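Number of protein chains: 2
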Amino acid sequence: MKTPSVNGARLIESLRSMARIGATQKGGVCRLAATTEDRDARHLFVDWAKKANCEINVDQVGNLFCRRRGQNDELAPIILGSHLDSQPTGGKYDGAFGVLAALEVIRALNDNNIETLRPIEAVSWTNEEGSRFPPAMMGSAVFAGALKLSDALNTKDLDGCTLQESLSQIGYAGAVPCGERPVYAYFEAHIEQGPILEAESKIIGVVEGIQGIRWFDCTIVGEEAHAGPTPMHARRDALIGAAHLVQRINAIAVQNKPYGRATVGQFRLFPNSRNVIPGKVSLTVDMRHPDPDALASMGGSLRTQFETTCKETELSGNLEEIWYSPPTNFELTCVHIVERAAQLRQYSNMRIVSGAGHDAKYMADVCPTAMIFIPCKGGLSHNEMEDAEDVHLVAGTQVLLDAALIKAMEEE
Amino acid sequence: MKTPSVNGARLIESLRSMARIGATQKGGVCRLAATTEDRDARHLFVDWAKKANCEINVDQVGNLFCRRRGQNDELAPIILGSHLDSQPTGGKYDGAFGVLAALEVIRALNDNNIETLRPIEAVSWTNEEGSRFPPAMMGSAVFAGALKLSDALNTKDLDGCTLQESLSQIGYAGAVPCGERPVYAYFEAHIEQGPILEAESKIIGVVEGIQGIRWFDCTIVGEEAHAGPTPMHARRDALIGAAHLVQRINAIAVQNKPYGRATVGQFRLFPNSRNVIPGKVSLTVDMRHPDPDALASMGGSLRTQFETTCKETELSGNLEEIWYSPPTNFELTCVHIVERAAQLRQYSNMRIVSGAGHDAKYMADVCPTAMIFIPCKGGLSHNEMEDAEDVHLVAGTQVLLDAALIKAMEEE
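Protein chains in written order, with our numbering: chain A, 5 to 416; chain B, 5 to 416.
Bound conformation, chain A alone (with noise of 0.2 angstroms):
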């Protein structure tokens, strides 16, 4: 059988017409999870898939399948996608271009009359992105059983209303289970969201696994008191504490390169008057490394900074961490078949870590996992100048119908 090509300029289409649905004016989009965007992103992915003979699934938690049967249908399936949510300020082809690059792979099959052994399903995970609903990754770790269903159901956005109640207004509060069935492997392709395949000038990132992750909450407590009549060496300013302590963050991802990363991403003052003293800061931290033991010792030199700043500065507070996603090894196998499938179309080529989380991290706990990235401009991603070129979107998607035709075709 002779490996069939993807058709290129139908899926740049395909992209083109999904951006359009909540369009920024600065090229990007604004598709939170569950809303009416997110739901009309749905409709238009939905719309294409039954146009290719695909059999639509919604599970609980809205995670969107859409199914190509194989010849032995009772087979585990191949599951090729990634999400079509974004952040508030997002980009284009961050999540949507996994999500139609698996797309164009079940087209490219119809268009070729191939019948695969295995089924193969596309998928859009539902809030990848956890911008509206925290934590990320919500529908994959739902789908791994990783999260409890009616915890990711009930969890709420910032007025208030629940995952589940905004789900059902955009008619996605599917009835199917979620999870509980195997899964032959998996196969996600994305932009990098880093600088280093435009840096390295390689078309193609052979995913080796995913960053760990830890999220904290931190507060820096002093005392409000009036901008006018208080000396200086009398005030207890949240704000000069939390200056330092951010100063000091970054300093221990800096000692931690080249794969340690820290951002504090949120910043809130208390009570955030012009002429108040601040009385408290909160912020996030995000930590990231791919080996294990290098990120727990980060994690504990934050909780050191935070202890020497707040005795420094005189102020008090509070450092928890809310959530650890442990490094991620992806399937060996797989990493294989995508690095040979690069190689045999002669992509340039380099295998990389992730610093990013994705739909992928939960799925390689399923079955074997595999990514595959392209580079995306400058690096940018989670802003809506995020760009890609079309040649390496296009060779993206070959790689993944490519991986995906050999294990599709595997007997056990």
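Rather than coming from a laboratory, the hints here were simulated on the basis of the structure.
Computed from a predicted structure; not experimentally measured.
It cannot be assumed that every hint is accurate.
[To be verified] Within a straight-line C-alpha distance of at most 25 angstroms, the following computed PhoX-like cross-link-like pairs (lysine-lysine) qualify:
#	chain 1	residue 1	chain 2	residue 2
1	A	Lys30	A	Lys381
2	B	Lys315	A	Lys261
3	B	Lys315	A	Lys315
4	B	Lys381	B	Lys30
5	A	Lys381	A	Lys261
6	B	Lys160	B	Lys261
Starting from the structure of chain A, add chain B where the hints point.
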């Protein structure tokens, strides 16, 4: 004529009643300008003033004057007062003390059947705090001709509601022209809002003037990117620059001790998402000094440090001065009258410069003006824990009465 005593018990009882309006759980008040809480506070003040036979006048910016007739009612009045609005998490005496001390002066004169040559007015100025509608001291600024009436009335809160609309809603959009009339003298009693009187164990602060204030709006711009895949060396994290700048701003004030003050009171991240490197930070700077040259030099240092920070951290941004209030020196005779009154009552006292802005600042441009400070617990203000001792509240009111009576009996 024997100088009458104020009724301390009545003053304290009135302060307690007023503090119930907008009371917060921690013992403070939330009475933002022109809200229903502000309305309720004004209603109570008007009710008391009518019972004390005052005539009520509300001017076009909502300043509320309660007038006690003079023997020669054509003569320019003595005005006494402060404000009834508060910070979002404000204290119960900041402003309210000066207004109710003025009311107590009128009540005590009534009790003792004392007719003054000149009329005496107790005033509550509109929107002294500026928390909801910037800038601060709005009502007295319009009264003194330092701010155009239309500009004040068109100021919008964060929800887009104008001061004009808000005053109409609470029934305090008056018809009396704002200012444009002679005032013979103005006295304002206030808590110190700083720690100095308490530290020096003095009951009365004889206020010589008010520190100058410069307000700046600052933005620091980097580049949003995903917190996971972006290596530390490839980041342009706006928060790192802002954290540097916060520390440098603090250092500028410390270098200008003992009078220099600098505060970053508002601070916002964009997009403020846990796993996105901050692309922008906006922050405010409040700088104060009683010496205009020192204050100018502090502003110059801010500009230098802002530019240095941007250059060192490879970020861009903007720094704009949005308000300058020059230092104020109160009229020497009025200051001396306050000092002499404190001495005659044998209240321990000291000269002091106000670190906070007050309505007296604008009134000093209109007529001879002075202020009376009393200690506040721990120097705290703009804080729900703000507190003062009953005996100090009574002493400050007594000095206000004694000083007002001297000016109210002057023919010319």
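Inset, instruction - Would you mind confirming whether the straight-line C-alpha gap from Lys315 of chain B to Lys315 of chain A stays at or under 25 angstroms? - result: Judged against 25 angstroms, a Cα distance of about 31 angstroms means the pair is violated.
Inset, instruction - Below or equal to 25 angstroms on CA atoms is what counts here, so check Lys381 of chain A against Lys261 of chain A. - result: With a Cα-Cα distance of about 23 angstroms, the restraint between Lys381 of chain A and Lys261 of chain A holds, given a limit of 25 angstroms.
Inset, instruction - For the pair we were handed, Lys30 of chain A and Lys381 of chain A, check the Cα-Cα distance against 25 angstroms. - result: Holds: Lys30 of chain A and Lys381 of chain A sit about 15 angstroms apart, inside 25 angstroms.
Legend entry - Proposed proximity, Lys261 of chain B with Lys160 of chain B (alpha carbon, max 25 angstroms): Not satisfied, since the Cα-Cα distance of roughly 36 angstroms exceeds 25 angstroms.
Inset, instruction - With a cut-off of 25 angstroms on the C-alpha distance, tell me whether Lys315 of chain B and Lys261 of chain A pass. - result: It holds: about 24 angstroms lies between the C-alpha atoms, which stays within 25 angstroms.
Inset, instruction - For the pair supplied as a hint, Lys381 of chain B and Lys30 of chain B, confirm whether the alpha-carbon distance does not exceed 25 angstroms. - result: This hinted pair holds, its Cα atoms lying about 15 angstroms apart.
Going down the numbered hints, you'll see the structure goes against 3 and 6, while the others check out.
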